[in-house]
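First to last, the protein sequences are chains G and U.
Just so you know, we're using this note's numbering here: the first sequence kicks off at 1 and counts up by one.
Just so you know, we're using this note's numbering here: the second sequence kicks off at 429 and counts up by one.
I should point out that these hints are in silico values taken from the structure, not numbers from a laboratory.
Accuracy of the hints is not assured; some may be wrong.
Claimed, not checked - So, partial list: chain U residues that the calculated Cβ filter (under 7 Å) puts toward chain G: (1) Pro461; (2) Gly590; (3) Ile611; (4) Tyr622; (5) Ile626; (6) Thr630.
Claimed, not checked - Each computed EDC-like pair below joins lysine to aspartate or glutamate, with the alpha-carbon atoms no more than 20 Å apart: (7) Lys39/G / Glu459/U; (8) Lys42/G / Glu607/U; (9) Lys42/G / Asp509/U; (10) Lys204/G / Glu459/U.
Built from N, CA and C at the ideal position, the CB exists for glycine as well.
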Amino acid sequence: MRSQRIGRLGLALAILAAVGLPALAARADETCNSPYIAKLIKGQEDYVYVWALGVEGLGDGSDKLVTVDVNPKSKTYGTVLGSVSVGTRGEAHHMGLTDDRRFIWAGGLAEPKIYVFDIASDPARPKLVRTVADMAERTGYLGPHTYYALPGRMLVQALSNTRDKGGVTGMALYNNTGEFLASYAMPTDGGGDGYGYDLAVNPKKNVLLTSSFTGYANYMRPLGELVKDAEAMKKFGNTMVLWDLKAMKPRKVFAVPGAPLEIRWSPRAGDDWAITAAALTSKLWLVRQEQGEWQAREVGTIGDPARIPLPVDISITRDGRGLWVNTFMDGTTRYFDLSRPEAPKATYSKVTGKQVNMISQSWDGKRVYITSSLLASWDKTGADNEQFVRGFKWDGKDLTQVFEVDFTKEKLGRAHHMKLGARSLKSS
Amino acid sequence: VRRAAATALLAWLAAAPARAHEPALPPLGFEPPAPGTYTLHRIMRAPAGEVLDLQGRARPLTDFTHGRITVLGLVYTTCVDPEGCPLTLPVFEAIRTAVGERPHLRPHVRLVSLSFDPERDTPAAMRAYAGRRAQPHTSGVPWYFLTARSTRAARPLLDGFGQDARSVVLREGGGTRREISHILKVFLIDQDGYIREIYSSTSLHSRTVLNDIETLVAAR
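For reference, chain G alone in the conformation it holds in the complex (with noise of 0.2 Å):
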């Protein structure tokens, strides 16, 4: 079985590397913020903060977390209000909003850091309060990932670790100032493979549940180079793992082959079910209770998995019945109905870049925003490298560009994962 998934793996894989280049994906949305974020924006947002990979030779080189204007009534709508440059290069990749939506915690792939930008001063002007800088040393891990919101804590996953920089890794848990807590390693028994990527929490069922990609020495090789690789090809995930969320204990550990990466849970008051996406194998997956077993279950395909579309970004909406998925290799944003959601129903699709990754929408659902960098060394090339962010209006039939940010000519860098913010949000 496992030789199997392995070997589907492997020929995705190879395919992706003959037709251009991969994918990873991230976290974003105002609908897909921790349940423990009280001040959700349910109106208007005016800023999205854009964390933007550094290029060398553009600008400072530097990642970034960037600022723009995206509120419709404001005079420098579209346009870029300034930029926090943290001075180094880390492949920059995503974020996560304390509970008190005071700060954002951001990190990079490639280094073991986390960057705390203080956005409640000045949410237009976010200033750079704290590195904490000690993961590494604490764990062992490196490469964190997602930053997830507990009430006066930050539980960060990690893709990767110190000492062979494979895929085995864990999470850290911090308290919101940055002081390390504990760590909690991956499960390597009872089918667990070890790995990590993204995590989310049902506080009502008392249960977190953790997905899985793959290690540092896979994620910054050139995908070429990779794929060349066999042992190397072994190292991806094909696992979920749900956890007793007050015991940090794993319960069980789900079969869930092709590197399944976000994880939504339902916001809708009475659903207890989440979903994701296996972005090699083009699959969604349902996580839920039968007959009070938890179980996951594939339960939808996401564009021609032979063409290797690859989802890298999914976004719910509030009341959990509608999801945005965007697959980056054919630049499209494609919309499910989960009116059943053990039968995601396909209803709409757009190419809305050369290649996307991430998607967030408003509250509201009218508002989306979608970026177009994965990885450094695994975006496109040419032409086909554009790198920005794109606000579209949704009015249920159709998604209208309004506004762009070139992040090349801005010299800002390789647009990546977003966060909204308000004005209002600014602290007495």
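Add chain U to chain G, keeping to what the hints say.
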């Protein structure tokens, strides 16, 4: 809807003394791990500072965060969000009742409701809010109601707890109403003054708090 829910909750609270032994809250949606089978980390130290008791006397907050296991809720008395401050009252009532039924816990636990709206929540306002809850209880578990001398005096306490609070003015029925935008936080503090758990509206339940208290007591 929130107004209606708040009204229903307040009505429930008014009738609470007559239903002291009834289940106070909806059932927990899961079976929590047994006490002592998990770790409650030292998240951070509870802050120190000056507070006012119901008689308006200045007291160090450490008097209420050391020596016993403390369940401390940061609240303001005019909050109407049913998932906010009002939620602490039935949960604290249930905790007090449950601890009272466990003699090995009784001497080790206290409850604290600390206002972060001292301009409106004067000691007199806190007395009205507390009612009979502040009086000695058959459970033997004290419940203290505290406020601060001023907003300025409360600020370092809020910062120390990591509690955000922002004043907002809402227009309603031709008038205005001031509310404090915040997320509910209730703190479990050990006998040495370390915060060991933080509950939000999605995780605050008397059963889990009780298990956490048992876990701390067993670890002594």
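We went through each hint and held it up to the structure:
1. Pro461: This hint holds: Pro461/U lies near chain G, its Cβ roughly 4 Å from the closest one there, short of 7 Å.
2. Gly590: Since chain G brings a Cβ to about 5 Å from Gly590/U, closer than 7 Å, the hint holds.
3. Ile611: holds, 4 Å
4. Tyr622: Since chain G brings no Cβ nearer than about 11 Å to Tyr622/U, farther than 7 Å, the hint is violated.
5. Ile626: holds, 4 Å
6. Thr630: holds, 4 Å
7. Lys39/G / Glu459/U: violated, 29 Å
8. Lys42/G / Glu607/U: holds, 18 Å
9. Lys42/G / Asp509/U: holds, 17 Å
10. Lys204/G / Glu459/U: holds, 11 Å
Hints 4, 7, counting from the list given before, are not met by this structure.
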